[in-house]
Amino acid sequence: AQSVAQPEDQVNVAEGNPLTVKCTYSVSGNPYLFWYVQYPNRGLQFLLKYITGDNLVKGSYGFEAEFNKSQTSFHLKKPSALVSDSALYFCAVRDMLGTALIFGKGTTLSVSS
Amino acid sequence: GAVVSQHPSRVICKSGTSVKIECRSLDFQATTMFWYRQFPKQSLMLMATSNEGSKATYEQGVEKDKFLINHASLTLSTLTVTSAHPEDSSFYICSARGGGDTQYFGPGTRLTVL
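Order-wise, the sequence lines are chains V and B.
With this note's numbering applied, the first sequence covers 1 to 113.
With this note's numbering applied, the second sequence covers 1001 to 1114.
The hints are simulated quantities; they were obtained by calculation from the structure and are not laboratory data.
Heads up, some of the hints might be wrong.
Simulated coverage check for chain B against chain V, where a stretch passes if three residues somewhere in it have a Cβ under 8 Å from a Cβ of chain V [claimed, not checked]:
1) 1068–1074
2) 1105–1113
Sample of chain B residues with no beta-carbon within 10 Å of chain V, all distances over it, derived [as the list claims (entries may be wrong)]:
3) 1041
4) 1061
5) 1062
6) 1065
7) 1083
8) 1093
9) 1099
10) 1101
All residues carry an ideal CB built from backbone N, CA and C; glycine is no exception.
Input sequences plus hints: build the corresponding full structure.
Following this line, the structure appears as structure tokens:
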């Protein structure tokens, strides 16, 4: 069965510092990996995805994520955090044959000024 | 990116009534649509997957007679919560996928059952 783990409920960083939000996954075969962001009482906004190709994927708003097959990880990163990045971040996965995304529990990112 | 809308954004109803939530893909054809439920400060739980013109596939534990899903066209799916009860109060989010790999999400519908 597919699963996603986001080990941190909350990540706190100061504005201007780099941020990392962790994600590990379990899936049969090659994974399709995604990051979404959710602001309060809103739907999810797509940030980036990894399907194949370069392990470092660049996405919206300056975010990037690195696919590491040996560690089954897909951590979200940004070199310099903004206060406006504060939100709930979800990692999601599906396999090649699957349809719906399976989500991690989410990580709340709090960026202080 | 692709846009998915949901209507209404917020609904309050009395216990025992039915509520219909619409999900539309505005600028692409959605071959597959998904319905999720999200409890406060929790993750999204997949309720069902629907393909246009076919019956929805429900996840284990989701009552298909209570949560009726219709995907009548490539741009519209509806979720009807029948005989709603307070425990059905939640944030319902739809998503849609066209020919690509990315699921795009609607803004969500906050359902409150009194």
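request  = Classify the label on residue 1062/B as holds or violated, using whether its beta-carbon is more than 10 Å from each beta-carbon of chain V.
outcome  = holds (12 Å)
task = Would you check whether the claim that residue 1041/B is not at the interface survives, using Cβ distances to chain V and the 10 Å cut-off?
result = violated (8 Å)
task = Find the nearest Cβ of chain V to the Cβ of residue 1083/B and say whether that gap is larger than 10 Å.
result = holds (26 Å)
task = May I ask you to check that residue 1099/B keeps its beta-carbon over 10 Å from the closest beta-carbon of chain V?
result = Given that every Cβ of chain V is farther than 10 Å from that of residue 1099/B, nearest at about 13 Å, it holds.
key: Assertion that residue 1093/B lies farther than 10 Å from chain V (Cβ)   = Per Cβ check, residue 1093/B is inside 10 Å of chain V; nearest 5 Å; violated.
query = Is the nearest CB of chain V more than 10 Å from the CB of residue 1065/B?
reply = It holds; residue 1065/B is separated from chain V by about 21 Å at its closest Cβ, greater than 10 Å.
request  = Report holds or violated for chain V covering the stretch 1105–1113 of chain B, Cβ cut-off 8 Å, minimum 3 residues.
outcome  = n = 5 at 8 Å, threshold three: holds.
Cβ separation check - residue 1061/B to all of chain V, threshold 10 Å = holds (15 Å)
ask   = Would the least Cβ to Cβ distance between residue 1101/B and chain V come out above 10 Å?
value = The assertion about residue 1101/B is violated, with a minimum of 6 Å to chain V.
query = How about the stretch 1068–1074 of chain B: do at least three of its residues have a C-beta closer than 8 Å to a C-beta of chain V?
reply = violated (count 0)
Hints 1, 3, 8 and 10 from the list above are not met by this structure, while the remaining hints are.
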